[in-house]
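Novice: Just so you know, the sequences run in chain order A and B.
According to the working numbering, the residues represented by the first sequence are 8 to 354, in order.
According to the working numbering, the residues represented by the second sequence are 388 to 655, in order.
Keep in mind the hints are simulated off the structure, nothing from the lab.
Take the hints with a grain of salt, since some may be wrong.
[Claimed, not checked] Restricting the straight-line Cα-Cα distance to at most 25 angstroms, the calculated cross-link-like pairs of lysine to any residue (SDA-like) are:
(1) A:Lys251 to B:Thr579
(2) B:Lys548 to A:Asp223
(3) B:Lys617 to A:Asp87
(4) A:Lys285 to A:Arg266
(5) A:Lys144 to B:Lys648
(6) B:Lys534 to A:Asp223
(7) A:Lys202 to B:Val615
(8) B:Lys648 to A:Ser227
(9) B:Lys648 to A:Glu241
(10) B:Lys648 to A:Asp87
(11) A:Lys285 to A:Arg48
(12) A:Lys17 to B:Val615
(13) B:Lys635 to A:Asp314
(14) B:Lys635 to A:Gly254
(15) B:Lys548 to A:Asp87
(16) B:Lys534 to A:Glu265
(17) A:Lys343 to B:Leu650
(18) B:Lys652 to A:Val342
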Amino acid sequence: MMAQAPAASKIDDWKGIFVYAETKGGKPRDASLELLAAAYRLKELLQEDITAVMLGSDVSEFGKILTAYGAEKVIVAEHDLLGHYTSDAYTKVLAKIVLDYKPSVVLFPATPNCRDLASKMAARLKTGLAADCTDLKVNESKQLIQIRPDFGGKDLSEILTKTRPQMVTVRPGAFKKLEPRSSKTKVQKVKVELKPDDIRTKILNVEKARVEGSDDLVKSPIVASAGMGFGSRENMQIFEEFVKTIGASSGASRPVVERGWLARDRQVGQSGKTVSPKLYFAIGISGSVQHRVGMENSEFIVAINNDPNAPIFKFCNFGIVGDLFKVLPLITEEVKRIKGNSATARV
Amino acid sequence: MVSIVVCVKQVPDVAELRIDPITHNVIREGVPSIVNPDDRIGVEESLRIREKHGGRITILSMGPPQAKAALFECLSMGADDAILLSDRTFAAADTLATAYTLAKAIKTFRKDFDLIICGRRAIDAETGQTGIQVAEQLDIPHVAYAKSVEVFPDQKKVIVKREVESQIETVEAPTPILLGVMEGLNKPRLPTLREVIKTKKKEIRVVNAAELGGDLSLYGLKGSPTWVSKVYPPPPKPGGMIKSGDSKESVSELMNILIEKQLIKGSE
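Pulled out of the complex, with its shape left as it was, chain A reads as follows:
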């Protein structure tokens, strides 16, 4: 099927790479900075400039962070009514900016509020939106190739967009942010026209969600997950000892939480949490797709499994084929030895 591209002149009106920089606590968050790295790669292929766009009530002083991480220009829209995210206000303001500047590409981090914003934006601008992409390329006609996993990661799809702008949400962690460099800040403030009536959803209250004790799981630099290889709840003791020794957050595959060997909020994978620690241990986990999508962006994956054909060995960085009841205590001992040394050294 060929793309039914609109008339070339129309498409040519759209130039430039926009990065929507979501903020947290007023500052651009890491997922936004990662997009600047993605934009940087596209810039080389498209020969178009990178503009970061930031919305908020008081954010312009953070524009320099965006230029440090690769933005050539920063557009800031400030208004009291942008202090907290609402679909209505953010869509109204961002849609106006996009229509004024006509970028060919708009990148959003695939965080919950940005997925919300991008969906509404795309419907308003009647343009395409590729969801939760893990990679971006450019083809010979300078179209953006938006690559995303389908069916829980079993397939990869390449998506092209006939209309402009080509909008895409990018999975956090899919790109690594660049090394910051010193740069001249060119922050351009745009005029925002917004009144309370523009926002149909009124926020009455914001509170912190009751933490189910698993917040550590997504933040911890080391995560160790247990699978069915442990065989029974009683056998989990060596897992707990390992986790404590190495200082990991404990995770689990779906069958493990279903059997109650670990709490439900420990589940890593499609219907559980997505983690991307520096170091991930998959212990007695075969590596089903459901599990894989929740941990495959970990920096270094160690797998222990007695089945040499387990799928986990196809995407781990270091795999040990062997009996976990033998291997895991050995690792625990080694970690104790190493940490013991370091403790004495510190004293």
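Knowing the structure of chain A, use the given hints to seat chain B on it.
Specialist: Chain B in isolation, oriented as in the chain A frame:
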């Protein structure tokens, strides 16, 4: 009385999908179809709202004729009626074209609605976009990621708690409105035998493109600004080191790598 439309999608049971070991393609044959899990939560929520306030629940779906099975299941949970938008013209729609089609059907057949409920995302494509785009096409507000829903029919408003990244916002909004619901909102009921028998008498209305009318160029692949140019299995992660010999040796090799990469800290 609350008039509710619940949008549902029939999806393959992703947990049952297997990969062909030789071609590495997803094997779709023989995979059971189910009502998308988040959409079942939407159906359940609509039933609870109707139990409290009275009203009417319409299930709306777009899909091939066999998607009737999914609608049948929603009816046997207790929904009042169901509409299936089914036509080759609707096929290969992306989220924008799907949203246009659903919005057109809602305007045509249930224009008096108070609430539209959609699951947060479908487990096959996982975009989470369609519901929000339906709301935009109908020019009504939406609240995504709803964790609790209270409807005030007399005041024509809802109070919804939405959870985003460990923050809970309490949001008040006027009806008509679209709500995106997610896991944790409720536990969907199973159809009872009584309802299943009753359901046999309920009819699923199948609507094709001609009957739906509207701008045919906005349906299906034609109306979709995005298209899939290529599908392939994910490449294996390169550089994996697999050890199957002596455990002690494997472990010490692992520890060396972890120390070298500074993934665990040794003596400082």
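Novice: None of the hints should be skipped; say for each whether it holds.
Specialist: Going down the list of hints, with the structure as the test:
1. A:Lys251 to B:Thr579: violated, 47 angstroms
2. B:Lys548 to A:Asp223: Measuring from Cα to Cα gives roughly 24 angstroms; hence the hint holds.
3. B:Lys617 to A:Asp87: violated, 44 angstroms
4. A:Lys285 to A:Arg266: Distance ~28 angstroms between A:Lys285 and A:Arg266 Cα, so the pair is violated.
5. A:Lys144 to B:Lys648: violated, 30 angstroms
6. B:Lys534 to A:Asp223: holds, 22 angstroms
7. A:Lys202 to B:Val615: violated, 40 angstroms
8. B:Lys648 to A:Ser227: holds, 17 angstroms
9. B:Lys648 to A:Glu241: violated, 33 angstroms
10. B:Lys648 to A:Asp87: Between B:Lys648 and A:Asp87 the Cα gap is close to 46 angstroms, so the pair fails against 25 angstroms, i.e. violated.
11. A:Lys285 to A:Arg48: It holds: about 24 angstroms lies between the C-alpha atoms, which stays within 25 angstroms.
12. A:Lys17 to B:Val615: At roughly 22 angstroms apart (the allowed maximum being 25 angstroms), B:Val615 and A:Lys17 satisfy the hint.
13. B:Lys635 to A:Asp314: holds, 18 angstroms
14. B:Lys635 to A:Gly254: Measuring from Cα to Cα gives roughly 22 angstroms; hence the hint holds.
15. B:Lys548 to A:Asp87: The given pair, whose Cα atoms are some 23 angstroms apart, holds under the 25 angstroms limit.
16. B:Lys534 to A:Glu265: holds, 22 angstroms
17. A:Lys343 to B:Leu650: This hinted pair holds, its Cα atoms lying about 15 angstroms apart.
18. B:Lys652 to A:Val342: Since the Cα atoms of B:Lys652 and A:Val342 sit roughly 9 angstroms apart, the hinted pair holds (cutoff 25 angstroms).
Hints 1, 3, 4, 5, 7, 9 and 10 from the list above are not met by this structure, while the remaining hints are.
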